[in-house]
Amino acid sequence: MISFLILAIDIKVVYIDEFTGNPVVKPYKVPDGKKAVEYLFEKLSSPPKMYKTFVPEDIFRAAYFLDDTLVIDLKGKNLKKLNFLEERMVLYQILISLFRTFSVSTVYLLVDGRSETTLSNFVDISYAFSREDWQTWPVEVNQF
Amino acid sequence: MKRLLLLFILLCSAVYFPIVLSIGGEIVYSSTSVFISYIEAEKIVDVISFFLEYPAPKFVKNEDYHAIIFNDRILGYDGKDYILQDGNVIKDKLSVKEFLDYFYIPYIQLKDVIIIPSSFIESIEPAGVTLTVNYLGIPKLYYRVRDGVLEVITIGYTFYAGDIYKPGEVLFRTKVGNFEVGKIFEERGKDIVKLIKKGEEKKIVLIPYNPNNFSLIKPLPFESVGVVVGRGKGVVIVRPTTPDLRGLDKEFLSISKDIGEKLAKALGYNFEICPIKGIPPASSYILVVLESPNDYKKLPGLLRRLSGIEKIVDFTTSYDQLFNFGY
Numbered sequence: 001m002i003s004f005l006i007l008a009i010d011i012k013v014v015y016i017d018e019f020t021g022n023p024v025v026k027p028y029k030v031p032d033g034k035k036a037v038e039y040l041f042e043k044l045s046s047p048p049k050m051y052k053t054f055v056p057e058d059i060f061r062a063a064y065f066l067d068d069t070l071v072i073d074l075k076g077k078n079l080k081k082l083n084f085l086e087e088r089m090v091l092y093q094i095l096i097s098l099f100r101t102f103s104v105s106t107v108y109l110l111v112d113g114r115s116e117t118t119l120s121n122f123v124d125i126s127y128a129f130s131r132e133d134w135q136t137w138p139v140e141v142n143q144f
Numbered sequence: 001m002k003r004l005l006l007l008f009i010l011l012c013s014a015v016y017f018p019i020v021l022s023i024g025g026e027i028v029y030s031s032t033s034v035f036i037s038y039i040e041a042e043k044i045v046d047v048i049s050f051f052l053e054y055p056a057p058k059f060v061k062n063e064d065y066h067a068i069i070f071n072d073r074i075l076g077y078d079g080k081d082y083i084l085q086d087g088n089v090i091k092d093k094l095s096v097k098e099f100l101d102y103f104y105i106p107y108i109q110l111k112d113v114i115i116i117p118s119s120f121i122e123s124i125e126p127a128g129v130t131l132t133v134n135y136l137g138i139p140k141l142y143y144r145v146r147d148g149v150l151e152v153i154t155i156g157y158t159f160y161a162g163d164i165y166k167p168g169e170v171l172f173r174t175k176v177g178n179f180e181v182g183k184i185f186e187e188r189g190k191d192i193v194k195l196i197k198k199g200e201e202k203k204i205v206l207i208p209y210n211p212n213n214f215s216l217i218k219p220l221p222f223e224s225v226g227v228v229v230g231r232g233k234g235v236v237i238v239r240p241t242t243p244d245l246r247g248l249d250k251e252f253l254s255i256s257k258d259i260g261e262k263l264a265k266a267l268g269y270n271f272e273i274c275p276i277k278g279i280p281p282a283s284s285y286i287l288v289v290l291e292s293p294n295d296y297k298k299l300p301g302l303l304r305r306l307s308g309i310e311k312i313v314d315f316t317t318s319y320d321q322l323f324n325f326g327y
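One line per chain: the protein sequences are W and C, in this order. For the first sequence, this note's numbering assigns the number 1 to the initial residue and increments by one for each residue that follows. For the second sequence, this note's numbering assigns the number 1 to the initial residue and increments by one for each residue that follows.
Isolated chain W (complex conformation) (with noise of 0.2 angstroms):
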């Protein structure tokens, strides 16, 4: 039932702007007979020329929509290389273009299926997110 939903929509995704550093979101089509949640994970690791992510290739193991929740299952074995910046970045990545993409109020992200867990060894992923809290970059920079 969710499935016919997601094959109607666009994505949004978001990247890194190379020179500005600043985050940016890029729409995409869903090609007939892609799911969206795939697409959306495999855009997020094949940024357009100018744009950076910090998203691994072939992180996506699954989705589920319960109402107006959505459970994302992510492969561990190809996010535990990352460094603390990048795990963060991935996180706010994965958030922020989901709830750009979704109106879902929640997001749960599972590794490995497993949610009492890190994403790789400091973010904390135990806990719901929240589309109040991650509609924007969470990233306020300041600099001398």
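Source of the hints: derived by calculation from the structure; they are not laboratory data. A portion of the hints provided could be inaccurate.
[Unchecked claim] Below, in silico cross-link-like pairs of lysine-lysine (BS3-like), each with a Cα-Cα straight-line distance of 27 angstroms or less:
(1) C/K175 to C/K190
(2) C/K166 to C/K140
(3) C/K277 to W/K75
(4) W/K80 to C/K233
(5) C/K91 to C/K58
(6) W/K80 to W/K43
(7) W/K81 to C/K277
(8) W/K35 to C/K111
(9) W/K52 to W/K35
(10) C/K97 to C/K166
(11) C/K233 to C/K265
(12) C/K140 to C/K111
(13) C/K203 to C/K297
(14) C/K265 to C/K277
(15) C/K277 to W/K80
(16) C/K43 to C/K80
(17) C/K233 to W/K81
(18) C/K277 to C/K262
(19) C/K80 to C/K93
(20) W/K52 to C/K233
(21) C/K43 to C/K61
(22) C/K43 to W/K75
(23) C/K250 to C/K183
(24) C/K250 to C/K166
(25) W/K12 to W/K34
(26) W/K77 to C/K277
(27) W/K12 to W/K77
(28) W/K75 to W/K29
(29) W/K49 to W/K81
(30) C/K298 to C/K218
(31) W/K77 to C/K43
(32) C/K218 to C/K175
(33) W/K77 to C/K233
Only a predicted model underlies this, so the values are computations on that prediction, with no experimental measurement involved.
Given the structure of chain W, go ahead and fit chain C onto it with the hints provided.
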């Protein structure tokens, strides 16, 4: 955990699920049919016992006869029909709900999702300035004192005294007068809540980050601030709120965010909102990753000035001893 992964693979292959079974919100099984096969029944009972720390089930296999022994009940299967313990009743099909009822496993149903609580509270015992909570499973409990009453609030789905409590519901209240929640000691199967007298002085506590030991990170008096310190590429991080806590963490975020933003500006660091392992939700803790020994020296004075709190308790020893987050 492999068993759980297997169930997730099962989950991936289905498109539309009339029945989803969840333990405390974590999906453990879904099916296109409300009826379960014997093999699925074995897997489900295995997962339930694993999550809820029930004694492990036993599986009997004797030629064509199979049986599950779990929670003092026996469910037989002859390859075609189920044989129930009570009066040897025979059924050709068993629904998920009949199966849970049979093994006395409590659950609630929200639309198509059957939710089994993730913890079972066996007892809550107030005694003087201590409250002891004994449980099975994975409790997600929050303790607070409001208007002189200590409340135990569940953050997950919890079974207590014959009822299932949903996230955000108060499952226990007791009068404590002029006390508030002090320390919470978490042992296996037990939470011990120590109450302290109200009016303790506000303070800032500096704690070195240790990715393997968070014992110094304890509940603080309201409006006190915990600053967990590491070294690496400079950044100040506070934890976001989570829908799991149903608004209980909002007041804490406003305190930690206010000081965190000011501190980041003063140090010229980025300020970020991100859940970091060891930084507890519903608490006014912030993580500061310092870039230089000079910033380490400046930190107590800056915090004093930015927060207006005079008292500082410092558990850090030196910049070099701080955990290095790297880049």
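Do the hints match the structure? See the list:
Restraint check for C/K175 and C/K190: satisfied, since their Cα atoms lie roughly 21 angstroms apart, inside the 27 angstroms limit. At roughly 11 angstroms between alpha-carbon atoms, C/K166 and C/K140 fall within 27 angstroms of each other, so this suggested pair holds. A C-alpha spacing of about 19 angstroms is found between C/K277 and W/K75, which places the hinted pair at or below 27 angstroms, so the restraint holds. With a C-alpha separation of about 20 angstroms, the suggested pair W/K80 and C/K233 falls inside the 27 angstroms cut-off, and the hint holds.
A C-alpha spacing of about 21 angstroms is found between C/K91 and C/K58, which places the hinted pair at or below 27 angstroms, so the restraint holds. Annotation: proposed proximity of W/K80 to W/K43 holds, straight-line Cα distance about 20 angstroms (limit 27 angstroms). At roughly 17 angstroms between alpha-carbon atoms, W/K81 and C/K277 fall within 27 angstroms of each other, so this suggested pair holds. Among the hinted pairs, W/K35 with C/K111 is consistent with the structure: their alpha-carbon atoms are about 25 angstroms apart, no more than 27 angstroms.
At roughly 23 angstroms between alpha-carbon atoms, W/K52 and W/K35 fall within 27 angstroms of each other, so this suggested pair holds. This hinted pair checks out: C/K97 and C/K166 have alpha carbons roughly 19 angstroms apart, not beyond 27 angstroms. About 15 angstroms separates the Cα atoms of C/K233 and C/K265, which keeps this hinted pair within 27 angstroms; it holds. Between C/K140 and C/K111 the CA atoms are separated by roughly 23 angstroms; this keeps the pair inside 27 angstroms, and the hint holds.
Distance hint between C/K203 and C/K297 is fulfilled; the C-alpha atoms sit about 18 angstroms from each other, no more than 27 angstroms. Taking the CA atoms of C/K265 and C/K277, the gap is near 24 angstroms; set against the 27 angstroms cutoff, the hint holds. For the suggested pair C/K277 and W/K80, the alpha carbons sit about 15 angstroms apart, so the restraint of at most 27 angstroms is met. About 18 angstroms separates the Cα atoms of C/K43 and C/K80, which keeps this hinted pair within 27 angstroms; it holds.
The hinted pair formed by C/K233 and W/K81 meets the criterion: a straight-line CA distance of about 18 angstroms does not exceed 27 angstroms. A threshold of 27 angstroms between alpha carbons decides the hint, and for C/K277 with C/K262 the separation of about 23 angstroms falls inside it, so the pair holds. Restraint check for C/K80 and C/K93: satisfied, since their Cα atoms lie roughly 9 angstroms apart, inside the 27 angstroms limit. The straight-line distance between the Cα atoms of W/K52 and C/K233 is roughly 20 angstroms, inside the 27 angstroms bound, and the hint therefore holds.
Between C/K43 and C/K61 the alpha-carbon distance is near 15 angstroms, which keeps this suggested pair within the 27 angstroms criterion. In summary, the hint linking C/K43 to W/K75 is supported, as the alpha carbons are separated by about 23 angstroms, within the 27 angstroms threshold. For a cut-off of 27 angstroms, the pair hint linking C/K250 to C/K183 stands: about 21 angstroms separates their Cα positions. With a CA separation close to 19 angstroms, the supplied pair C/K250 and C/K166 stays within the 27 angstroms bound.
As the CA atoms of W/K12 and W/K34 are separated by approximately 15 angstroms, the hinted pair is consistent with the 27 angstroms bound. Of the pairs offered as hints, the one joining W/K77 and C/K277 holds, with about 19 angstroms between alpha carbons and a cut-off of 27 angstroms not exceeded. Of the pairs offered as hints, the one joining W/K12 and W/K77 holds, with about 26 angstroms between alpha carbons and a cut-off of 27 angstroms not exceeded. In summary, the hint linking W/K75 to W/K29 is supported, as the alpha carbons are separated by about 25 angstroms, within the 27 angstroms threshold.
Distance restraint check for W/K49 and W/K81: the Cα-Cα separation of roughly 24 angstroms lies within the 27 angstroms cut-off, and the hinted pair is therefore satisfied. With a C-alpha separation of about 24 angstroms, the suggested pairing of C/K298 with C/K218 holds against the 27 angstroms cut-off. Taking the CA atoms of W/K77 and C/K43, the gap is about 25 angstroms. The hint holds against a cut of 27 angstroms. With a C-alpha separation of about 23 angstroms, the suggested pairing of C/K218 with C/K175 holds against the 27 angstroms cut-off.
Taking the CA atoms of W/K77 and C/K233, the gap is about 25 angstroms. The hint holds against a cut of 27 angstroms.
In summary, this structure violates none of the numbered hints.
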